[in-house]
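Number of protein chains: 2
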Amino acid sequence: MPIFTVLGAGAMGTALCKPWVEAGWEVHLWGTWLDDHLLDAVEAGRPHPRIKVPAAPGIKTFRSGQLAEALAGADVVDIAVTSEGLPKVTEMALEHIDGLRALCLTAKGFWTDPEGRIQLLPDAIRSIADSKGVSLPPLVAIGGPVKANECAAGEVTATTYASLDLSVAEALAREAATETYGIRPSDDEIGVELCAALKNVYAISLGIADGLGEATGVPRHNLKAAAFAQAVREMSLLVSAAGGKAETPYGLAGVGDLEVTGLSGRNKLYGVRLGKGETPDGALAEMNRLEQTVEGYPAAPLAVAFAHQFGADEQELPLLHTVARILRGGVDDVYSAVAAAVKPVKP
Amino acid sequence: MPIFTVLGAGAMGTALCKPWVEAGWEVHLWGTWLDDHLLDAVEAGRPHPRIKVPAAPGIKTFRSGQLAEALAGADVVDIAVTSEGLPKVTEMALEHIDGLRALCLTAKGFWTDPEGRIQLLPDAIRSIADSKGVSLPPLVAIGGPVKANECAAGEVTATTYASLDLSVAEALAREAATETYGIRPSDDEIGVELCAALKNVYAISLGIADGLGEATGVPRHNLKAAAFAQAVREMSLLVSAAGGKAETPYGLAGVGDLEVTGLSGRNKLYGVRLGKGETPDGALAEMNRLEQTVEGYPAAPLAVAFAHQFGADEQELPLLHTVARILRGGVDDVYSAVAAAVKPVKP
Chain A
0 MPIFTVLGAG AMGTALCKPW VEAGWEVHLW GTWLDDHLLD AVEAGRPHPR IKVPAAPGIK
60 TFRSGQLAEA LAGADVVDIA VTSEGLPKVT EMALEHIDGL RALCLTAKGF WTDPEGRIQL
120 LPDAIRSIAD SKGVSLPPLV AIGGPVKANE CAAGEVTATT YASLDLSVAE ALAREAATET
180 YGIRPSDDEI GVELCAALKN VYAISLGIAD GLGEATGVPR HNLKAAAFAQ AVREMSLLVS
240 AAGGKAETPY GLAGVGDLEV TGLSGRNKLY GVRLGKGETP DGALAEMNRL EQTVEGYPAA
300 PLAVAFAHQF GADEQELPLL HTVARILRGG VDDVYSAVAA AVKPVKP
Chain B
0 MPIFTVLGAG AMGTALCKPW VEAGWEVHLW GTWLDDHLLD AVEAGRPHPR IKVPAAPGIK
60 TFRSGQLAEA LAGADVVDIA VTSEGLPKVT EMALEHIDGL RALCLTAKGF WTDPEGRIQL
120 LPDAIRSIAD SKGVSLPPLV AIGGPVKANE CAAGEVTATT YASLDLSVAE ALAREAATET
180 YGIRPSDDEI GVELCAALKN VYAISLGIAD GLGEATGVPR HNLKAAAFAQ AVREMSLLVS
240 AAGGKAETPY GLAGVGDLEV TGLSGRNKLY GVRLGKGETP DGALAEMNRL EQTVEGYPAA
300 PLAVAFAHQF GADEQELPLL HTVARILRGG VDDVYSAVAA AVKPVKP
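Taken in sequence, the protein lines are chains A and B. Mapped onto numbering that gives the first Met the number 0, the consecutive letters of the first sequence carry residue numbers 0 to 346. Mapped onto numbering that gives the first Met the number 0, the consecutive letters of the second sequence carry residue numbers 0 to 346.
The set of hints was computed from the structure by calculation and includes no laboratory data. Be a bit skeptical, because a hint or two may be false.
Straight-line distance between alpha carbons at most 20 Å, and here's what the computed SDA-like set of lysine to any residue pairs gives [unchecked claim]:
id	chain 1	residue 1	chain 2	residue 2
1	B	K345	A	E21
2	B	K345	A	T177
3	B	K244	A	S239
This one's a predicted model, so the numbers in the text were calculated from it and none came from an experiment.
Chain A extracted, bound-state conformation (with noise of 0.2 Å):
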């Protein structure tokens, strides 16, 4: 039986132990020195406390000190802590993975490397490896709509896989699939991380307009729905600009992951405080308290600072500017702001 190693007990971690092991893997789920209080739960055949469902039958937990055995033997190994912890967890990991087929990446985000250029986790992992030497196994990116705990729960869910070498997440896709877990193979490595970045950026303008509705009694759905159209626009844009392709952000790891993010989710949520009146600063104190992570909060200026990079200007991303001045507390009227940002210029 082939192993298929998680490192991070997370949600989204202990979420994808779920298909594999029902695909035929055995799965083996590392902690982290923060997720002891995660692996009791499982271990224990209790509701894992970030997703509130238990974790797949027959996975193997292994505590933070036990990360060589974790990886003992591993196929496939999947990261998945948060961006913050990735340089660590990576630099610990790289010297058990001798043998392995693929390197898969639930963990998103943008990364500042020592030079002060903003990449993506993918070139983070790359960067590592060089400094230490070691020789890495094809990475795949996962991403699309994945709410972790519905993907726990056995719940219907479209993902998709994406690696340079497309044979690579080909050959996943036909041996992780499920019958309700369904993968797209993709070779658009930076289309498929960047939009898992950005959208939680965007998903801040989505629940914006959902506040400005809640507040005044009066639904802004034209509102939301340009400014879902506006991001899917930017998204093509910039992953275009960074060398993917231009048409990844129209399927399931944009356009699917955007609605699933802006039906709920804490980047959602924080934008519907913003819509209501309240301000960025005193949102995310509010978010802070009921640890509620806001991921688009910092990710705001790094997706600009990465667009610089690329050369893609405000001109051409006005909701993504927008979104990262209202964060600034630059913005005194965001209904005005949001409305100018996704309203298409005259000709």
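Go by the hints and put chain B onto chain A.
Chain B alone, transformed into the frame defined by chain A:
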């Protein structure tokens, strides 16, 4: 002052008067023989019964017997009647449209020509004009995410105007845009029209996902997002097969309009009923009792026939065919059926 005449005093026709008045046009609103009670409200300054918002101040209203007067001197005309009413109103109007700069179309849907072919409405208009020996001005398809009540209330709205001659669409985009009404010009008449007709069918599948969630108390957001992405994929494929541009569904006309239709709207609400276990006929009867037209219901088999004309078969359009089959009463388990249609197949 140039004259803009709207034919049909329903929700969308009345809503469209608002930006055109604000853009500086003299606006004529003509009501059909079914619209007298609507014009009564408009003329009295009361909220329009369908959109609960008063019509824009300053418009001139015309009763069904005053078509010639309504069209006298018009520079631009918009046909805003139902797809059923379109042939008759078009025939009547063609006698009075000398010197028109553009004939716009907010009416949407499929039309069956005398030979039994399914056509989009601009082709219906062309057929009618041909049969009467009348030469037409440039046609402009108006689409995108426009809820009539929000547009009529002056809420921010983004829309697309498509004409085979792009310069015609661009000129109107310059002359009809306002602070709150942004217009993206396009040259893809087929794409804009087809997206508008298809989105009502696909919105039913989005509603089904919502209804399944409501019925069980467990959200089906992964399913809804997968259906959304699949709908966009199929719309692109079908638009392309029909001679339109594959990318039109990725913009306001597709992604944007599907987003707004999936947020609310009658087709989505009908889908919610199906997801909660009502039968297609039972749910339709109840919607009819509530005077809620479900445009996607008659459109589904027409869309299937339209696709067939262009050689796009069931394998390429699984979600469209699944919705049509559900509406025919041919599906017992809607969850499994929609899931199978939106889950990527194994490569």
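Hints versus structure:
Of the pairs offered as hints, the one joining K345/B and E21/A holds, with about 15 Å between alpha carbons and a cut-off of 20 Å not exceeded. Between K345/B and T177/A the CA atoms are separated by roughly 9 Å; this keeps the pair inside 20 Å, and the hint holds. Pair hint K244/B plus S239/A holds up; C-alpha atoms about 19 Å apart against a cutoff of 20 Å.
The structure fails none of the hints (numbered hints given earlier).
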